[in-house]
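Please construct the entire structure, taking both the sequences and the accompanying hints into account.
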Amino acid sequence: MTSLFSESSRSAIGENALSVIGTQLGATVVLLTIGLLTGRELLRAGNRRLDRSARAIDVALVPLLLASGYVIVVRMIDILGIV
Amino acid sequence: MTIRSAVPSVDNDTPRSDVRLDIAREPATRAELLIFTVYFLCIVAIEVLTAVARPEIIGISSATAVIVLLTHFIVIDPLSESEDKASSRDMASLLLPALALLPLMRLLSIALPTRDIPERYWFFVVGIPMLVGAYGLARLLGLSLRDVGVVPVLNRTQLLIAASGAPLAVIAYLMIQPETSYSSGRWWEIVIAAFGLALFSGVLEELIFRGVLQPIAERAFGPLGIASSTVVFTATYLGEKSPLLLAFMMLVGCYFALATYRTRSIVGVVAAHVIFVVGFLVVMPNV
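Respectively, the protein sequence lines represent chains A and B.
Quick note on this note's numbering: the first sequence kicks off at 1 and runs consecutively.
Quick note on this note's numbering: the second sequence kicks off at 1 and runs consecutively.
Honestly, the hints are just simulated from the structure, not real lab data.
Ideal Cβ positions, reconstructed from N, Cα and C, are used throughout, including at glycine.
Any given hint could turn out to be false.
[As the list claims (entries may be wrong)] Pair by pair, the computed Cβ-Cβ distance ranges are:
hint, chain 1, residue 1, chain 2, residue 2, range
1, A, SER68, B, LEU258, 37 to 45 Å
2, B, ARG30, A, ARG75, 46 to 54 Å
3, A, ARG75, B, LEU246, 32 to 40 Å
4, A, ASN47, B, PRO285, 54 to 62 Å
5, A, ILE77, B, VAL132, 17 to 25 Å
6, A, ILE82, B, ARG186, 18 to 26 Å
7, A, THR23, B, ILE176, 33 to 41 Å
8, A, VAL30, B, PRO285, 33 to 41 Å
9, B, PHE195, A, SER68, 22 to 30 Å
10, A, ASP78, B, ARG146, 43 to 51 Å
The structure is reproduced here in structure tokens:
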């Protein structure tokens, strides 16, 4: 009912619970994060002129890192059986 | 013609850009128009995939779109400090990181393991990273609050626009009576759901679509830019699989876009969107 979560997104989240699809989506997010981190560092290490534009990567990278942090916390809670 | 104003950085290690929207910039060329039409269509295609394809396909296509858009932005390098690099592609190129937020939003909304937590918290899980991304985007482009339309003036027009959210909510509810969990539970659970919807649907969506995407697209492509940002906004509702709701959201998107364009402020439409979404999904089901 919103841009963030439509009816189809809800269905996808339901399927996400299936381990195979969840793993594939997780791998996509991890690969994207690693790719962006690598690209950012390569650009920063190279031409200083590119440093500014390289910060465009942060627009996607910071949300992905926050999301990764959330996943780690959820997994840790799951493993440690806190909740 | 001044195309860019580079503000001298106090800290040399962290140079900041200052690409204010009120600075004169050349409009986009025909080739740029073609390229960005393709990009807009790709964003719409990802939203179509959300409605029809499997989650892993949506994930891969969203991730690819993020990489392509950001790589294009870096290759063009519009924030370069060398003044002679500035060209007509400047304004349009600022759209690239803004557009990248949309597939990122879709990727996070399906990939984060939100199924195990109640639906009312989903908005926080995906919304907080996206809000940080939107802030990073505004900072990257050097946009001030006024640039994104946050003008702290409450006049009669803004109040009327804000109030229009209530009838929109009633109409939407009468058309589609949604089955959601936002309106049920203990009072504090309903308050949390309303807060999440208000902040991450009302404020965040307007900030991205009307605050950043629309003004840049408008300056790059004129009225076509406003239309394209509205098309993308409507496309994000393709996943609802309801032609009626899609048509309604298209009209709402056009109305919000025009209201923002005429008033040069998103305050009214943010309030209208908040009232609309909370009224539609939380208040009306309880009436």
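**Prompt:** So which of those numbered hints doesn't the model satisfy?
**Reply:** none
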